[in-house]
Amino acid sequence: MTDILNLATANLISPIILSFALGLFAALARSDLTIPEAVAKGMSIYLLFAIGFKGGVSIAAHGIDATLISALLAGIVLSFSLPFIAFALLRLITRLNATDAAAVAAHYGSISIVTFVAGTSVLEGAGIMAEGYLVAVAAAMEAPAILSALWLVAHGGGEGGMKPGLLREILLNGSIVLLVGAFLIGGVTGQDGFDKIAAFIDSPFQGVLCLFLLDMGLVAGRGLRQAKGVVTLNMVAFGITMPLIGSVIGLALGLLIGLSQGGIVLLMILAASASYIAVPAAMRVALPQANPAVYLTLSLGVTFPFNLTLGIPIYMALAATAAGGA
Amino acid sequence: MTDILNLATANLISPIILSFALGLFAALARSDLTIPEAVAKGMSIYLLFAIGFKGGVSIAAHGIDATLISALLAGIVLSFSLPFIAFALLRLITRLNATDAAAVAAHYGSISIVTFVAGTSVLEGAGIMAEGYLVAVAAAMEAPAILSALWLVAHGGGEGGMKPGLLREILLNGSIVLLVGAFLIGGVTGQDGFDKIAAFIDSPFQGVLCLFLLDMGLVAGRGLRQAKGVVTLNMVAFGITMPLIGSVIGLALGLLIGLSQGGIVLLMILAASASYIAVPAAMRVALPQANPAVYLTLSLGVTFPFNLTLGIPIYMALAATAAGGA
Amino acid sequence: MTDILNLATANLISPIILSFALGLFAALARSDLTIPEAVAKGMSIYLLFAIGFKGGVSIAAHGIDATLISALLAGIVLSFSLPFIAFALLRLITRLNATDAAAVAAHYGSISIVTFVAGTSVLEGAGIMAEGYLVAVAAAMEAPAILSALWLVAHGGGEGGMKPGLLREILLNGSIVLLVGAFLIGGVTGQDGFDKIAAFIDSPFQGVLCLFLLDMGLVAGRGLRQAKGVVTLNMVAFGITMPLIGSVIGLALGLLIGLSQGGIVLLMILAASASYIAVPAAMRVALPQANPAVYLTLSLGVTFPFNLTLGIPIYMALAATAAGGA
Amino acid sequence: MEMHDAKRVSIVIEAPLEGRLTDALDEAGVTGYTIMPVTGGSGRSGKWTRDGQVGRSGMVNVICLIRPERLDGLLEAAFAVVEPHIGVVSVTDAQVLRAERF
Amino acid sequence: MEMHDAKRVSIVIEAPLEGRLTDALDEAGVTGYTIMPVTGGSGRSGKWTRDGQVGRSGMVNVICLIRPERLDGLLEAAFAVVEPHIGVVSVTDAQVLRAERF
Amino acid sequence: MEMHDAKRVSIVIEAPLEGRLTDALDEAGVTGYTIMPVTGGSGRSGKWTRDGQVGRSGMVNVICLIRPERLDGLLEAAFAVVEPHIGVVSVTDAQVLRAERF
Ligand SMILES: Nc1ncnc2c1ncn2[C@@H]1O[C@H](COP(=O)(O)O)[C@@H](O)[C@H]1O
Ligand SMILES: Nc1ncnc2c1ncn2[C@@H]1O[C@H](COP(=O)(O)O)[C@@H](O)[C@H]1O
Ligand SMILES: Nc1ncnc2c1ncn2[C@@H]1O[C@H](COP(=O)(O)O)[C@@H](O)[C@H]1O
Ligand code: NA
Ligand code: NA
Ligand code: NA
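Protein chains in written order, with this note's numbering: chain W, 1 to 326; chain U, 327 to 652; chain L, 653 to 978; chain H, 979 to 1080; chain A, 1081 to 1182; chain Y, 1183 to 1284.
Don't take every hint at face value.
[To be verified] Lysine-lysine pairs mimicking DSSO-like chemistry, simulated, CA-CA at most 30 Å apart:
(1) K1189(Y) x K1087(A)
(2) K1025(H) x K228(W)
(3) K1189(Y) x K985(H)
(4) K489(U) x K228(W)
(5) K1025(H) x K489(U)
(6) K880(L) x K1229(Y)
(7) K1127(A) x K815(L)
(8) K1127(A) x K1189(Y)
(9) K985(H) x K1229(Y)
(10) K163(W) x K1025(H)
(11) K815(L) x K554(U)
(12) K1229(Y) x K163(W)
(13) K815(L) x K1229(Y)
(14) K1087(A) x K1025(H)
(15) K985(H) x K1087(A)
(16) K880(L) x K163(W)
(17) K554(U) x K1087(A)
(18) K1127(A) x K554(U)
[As the list claims (entries may be wrong)] Not close to chain Y: a few residues of chain L, all C-beta gaps over 12 Å, as computed:
(19) D655
(20) N658
(21) F677
(22) L680
(23) I687
(24) R743
(25) N749
(26) E776
(27) A778
(28) N825
(29) G842
(30) V900
(31) Q913
(32) S927
(33) L970
(34) A975
Calculated directly from the structure, the hints in this document are not laboratory data. All C-beta atoms in this analysis are idealised placements derived from N, C-alpha and C, irrespective of residue type, glycine included.
This is chain W alone, in the form it adopts within the complex:
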């Protein structure tokens, strides 16, 4: 318990969390601080490339572990199944209609790569190793949840559905292509390749992450200011409960397939985190009736900060206990 608290405190006063808080404050106080769209996009490309590349390099170093396939499968199963749980929970405790609930559910089956990255750095800070290929698992989890949500809507009598071209669009989504591509490049070029570009993708990584989280705080804060009246207390409760549920399922699967303690934490984070980039765009195409204010606020305004501040330390503590390491 003191462990969680210590971790949580150390986590809370890290530059990345405080940068997020600064952005949140600036937006809520209506400061005109903004980060240009092109700069935000540039940073996200940098982060995806760096995290993918590093994952690939670690595979090149440690070889492909027997659990790789099972981890990928576990991720896909999580992404497909979590939306059903999220949907049921939302219908139970909120008044969202089927379409809105399905759209929210899609976000929680999918993942937030920045939460994953933040988890990676907390683990690194604590000296805990994790399987490099979890980056590939992250990529594999981006899309399946969208299909589940569309199925839920179709079978719940709602409108909307699989538009032609949507599946290709989802699977060839820029962030998936970049993450997987960088992962493969890292895997092919290995430590040699890494050494050439480490001064770019590794050393400044934490600092770029700070500015990126500043931006996410700004965007989240602006969203929260708009969301008054749309998001109820019960929805907020969902935004905190759902990641906990997801993480426990992730924990179980991680233990089952024999991931390392660090790997389990990352799988828990993937299960617990909610998308706010790829899935929202897909929802605008597939479920235009669903209200973006609801799913963006829950994902970016509630679950993201929860995971960043309290979630990650909790998942680490749970994994440590379960893996018998604490």
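Chains U, L, H, A and Y with the ligands: place on chain W using the hints.
For chains U, L, H, A and Y with the ligands alone, coordinates are given in the frame of chain W:
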């Protein structure tokens, strides 16, 4: 004297000054070299974040010195009072009307953070330490001068004045929020936080500053090309005299409150420098009749290069003599 | 022969080539991965500044070699004369009209700075030194080819020609000004200046180059998708033959003026590479009837990847043989 | 200068639908359009801004100049894409030079 | 397609005033607007460009589609903000689909 | 509000020609224009997008509000620049506030 000359020469052939000169040349020669707005904004966000953070870290390391409060007060007093001197001088030696003179005056009470940053690196190069909290003083000096200018207009019978919401806008201006926020983050996370992101905010800092000054040279050069006929020789004389006056007042205050020699230099630089980001935007809202070509040309086209090239070495020499260190 | 193969293979699995391939794949697969225009421009400014600066620093260190002037002259001669060869070859083996052929020819007389940069890093990786002033030669080669192309059109009875202001525009083109300016700054500030900003312009250089090549892959791939039906097999043959011809002429000139082995390789690369930034913009002004799809596809879609993958190793092997170093 | 009557159609549509809209225009035989960026806006679904956004969010403005007689075909094609979504379609009378291009 | 008459109001205004203008529009009951970027321009106060600018400088273009009968209210609200400043207000006749949205 | 008749001329032109066009407008005595960015488009010469571009490629949109009687002069000046190039010129009737500015 040779000291000033040596310093000035060394200063003139530093990459940052030469980058500014390159930008100036390119714009005056009508090259199509441009830096995209988003990239320029991104660099300025980086610089503000880095300089604020480093200031905070230095506070965390050295503790809050007894002079912190008096330095903040000195800065606020400077920012409030310098516009009155500037206004009187402008009315004396130029033909600017009251509104234009007040608008220019506001710029000279406020500060230029890039000049401050350039001063910091010259000091670092010379191995002279300065109080980290002067970053906070810089932030405190951004806004008061605007109020003085509005007062001057109101009492000089000019039009314009405090629009509703303007005060909040000025105080929550993006650059103030970012500078103060990063300062606080640096203060809270201290050396530990710094170590995590030093490869981002510290190592590449000088290089980013070069490209940023290249951009400032481009913008200043474009402004100068537009300004023919608007800016007279007497105004240019003001743009060189005023920083000298400001710096001497800054010197006196710095000695009075007992800043270190480096700290005195930075306070002189703050007093001597003129805003070209926050104040121009505020003037467009509060004093729309004032001609932007006048205040932008003086601030960015005259005073900024003067401070960068000759001003900083002069202030260092003055401070060294006054502090008995030379 | 095994040497070329080894080099070519090592080259092919370097992060920069693989990043280009990733971009190409993403664009051909119609992924929505894009790099914002402002970020791409920012990276290109960074690369030009860094490569120019480093060239200048190397001059400051090694002094101006007797061959500097002859290398500059050789570059200018190459840039003026290669378009004539390219034009003749195009008229011989393709059905392009005189205007299109001249426009393409202009590109092959001019240079691609990224190919030059890639060559520099392959040389560095192989531990081969080259004259720093070749950066200045690169700058000198950007423009003359355009004049040759205009002469070809004027004397071939085609429309278009030297618009007023065009010459100034070409010579003060942003990339030339930045490259030459940074070269001069590097030369003036020397090793001292370099040490101050090496953490910005040197350490992360390879990494930025990766992302830039990712972007070039995206742009090239998009161009190739558009180019179906416009570009024939014979044109593609030109896009591969012409760099080989250029490189051999570059080799001869390099031997003639006594460049080092590395310097010869870089001169070959300059001769072999084709412009895709400065020349296309000039062609839109001077030869609007020429079809951009033709020259952009050949330059960026055929010759650039050829040089990057096979060309550079071939030129290195040729130079090694000719210089007697292999 | 000789001018020719035309219609200027402006479609403000969500960015993730841009490709679908331009595909529909291509299919409807529209010969040209220009895409302009939008940085923010406000409507029944609230205010938004592009600042700091990472994903494909926000809206874009697609502008078509078209011969008057082809307006209906264009509107039908566009409407099929826009209909279930937020977004605004407006038409203005215009005149164009070089009508052979349209 | 059924079209409805509307007015298209375009306001080019200095960027630091954007928030004041949109607040005024909101107060005047304007139901929607679209903000488009402007990269440069020229007028009585000279030429300008957004390139390399760091502060909130330059101008933005705010576009409103509105029912004809509401035009005067909008113009008054807009004019109160624009009046002491540089900037341009123009109105064009337009037609819109989905008039219920306006 | 008192409005005055005007013409709104929109010129979509290749970015490398922007300077030549604005010079021509200045010479023709045009008192003001606004330059707006274009992110992509399609026409007889194919599709294009600005994404990831490094050079001065793509197009820009130059907008002029002008008194009706000065339209011809403007069009001639603009056409001289646009004629050999790809690009589109369209004109709409408009009304402006503060006509003394034009
Ligand atoms: N009356 C209007 N005039 C101009 N743009 C509008 C108008 N109404 C809506 N828009 C634009 O269309 C977007 C979606 O509108 P809505 O569907 O009403 O939320 C808004 O964010 C604006 O960018
Ligand atoms: N006649 C015009 N047509 C289009 N835009 C204009 C016109 N006049 C002014 N503008 C725009 O409004 C800005 C301010 O104009 P001004 O107040 O005349 O300096 C200019 O920089 C242009 O962006
Ligand atoms: N009918 C049109 N409506 C709007 N924009 C057009 C139209 N035709 C061409 N354009 C624009 O002008 C550019 C060049 O057109 P073109 O000369 O037909 O290739 C296109 O890429 C579009 O941006
Ligand atoms: Na999840
Ligand atoms: Na000052
Ligand atoms: Na060449």
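Outcome of the hint check:
no. : hint                : verdict
1   : K1189(Y) x K1087(A) : 15 Å, holds
2   : K1025(H) x K228(W)  : 13 Å, holds
3   : K1189(Y) x K985(H)  : 15 Å, holds
4   : K489(U) x K228(W)   : 28 Å, holds
5   : K1025(H) x K489(U)  : 24 Å, holds
6   : K880(L) x K1229(Y)  : 13 Å, holds
7   : K1127(A) x K815(L)  : 24 Å, holds
8   : K1127(A) x K1189(Y) : 21 Å, holds
9   : K985(H) x K1229(Y)  : 21 Å, holds
10  : K163(W) x K1025(H)  : 27 Å, holds
11  : K815(L) x K554(U)   : 28 Å, holds
12  : K1229(Y) x K163(W)  : 24 Å, holds
13  : K815(L) x K1229(Y)  : 27 Å, holds
14  : K1087(A) x K1025(H) : 21 Å, holds
15  : K985(H) x K1087(A)  : 15 Å, holds
16  : K880(L) x K163(W)   : 28 Å, holds
17  : K554(U) x K1087(A)  : 41 Å, violated
18  : K1127(A) x K554(U)  : 13 Å, holds
19  : D655                : 34 Å, holds
20  : N658                : 32 Å, holds
21  : F677                : 15 Å, holds
22  : L680                : 15 Å, holds
23  : I687                : 4 Å, violated
24  : R743                : 23 Å, holds
25  : N749                : 16 Å, holds
26  : E776                : 24 Å, holds
27  : A778                : 28 Å, holds
28  : N825                : 9 Å, violated
29  : G842                : 30 Å, holds
30  : V900                : 29 Å, holds
31  : Q913                : 31 Å, holds
32  : S927                : 9 Å, violated
33  : L970                : 30 Å, holds
34  : A975                : 34 Å, holds
The earlier numbered hints that this structure contradicts are 17, 23, 28 and 32.
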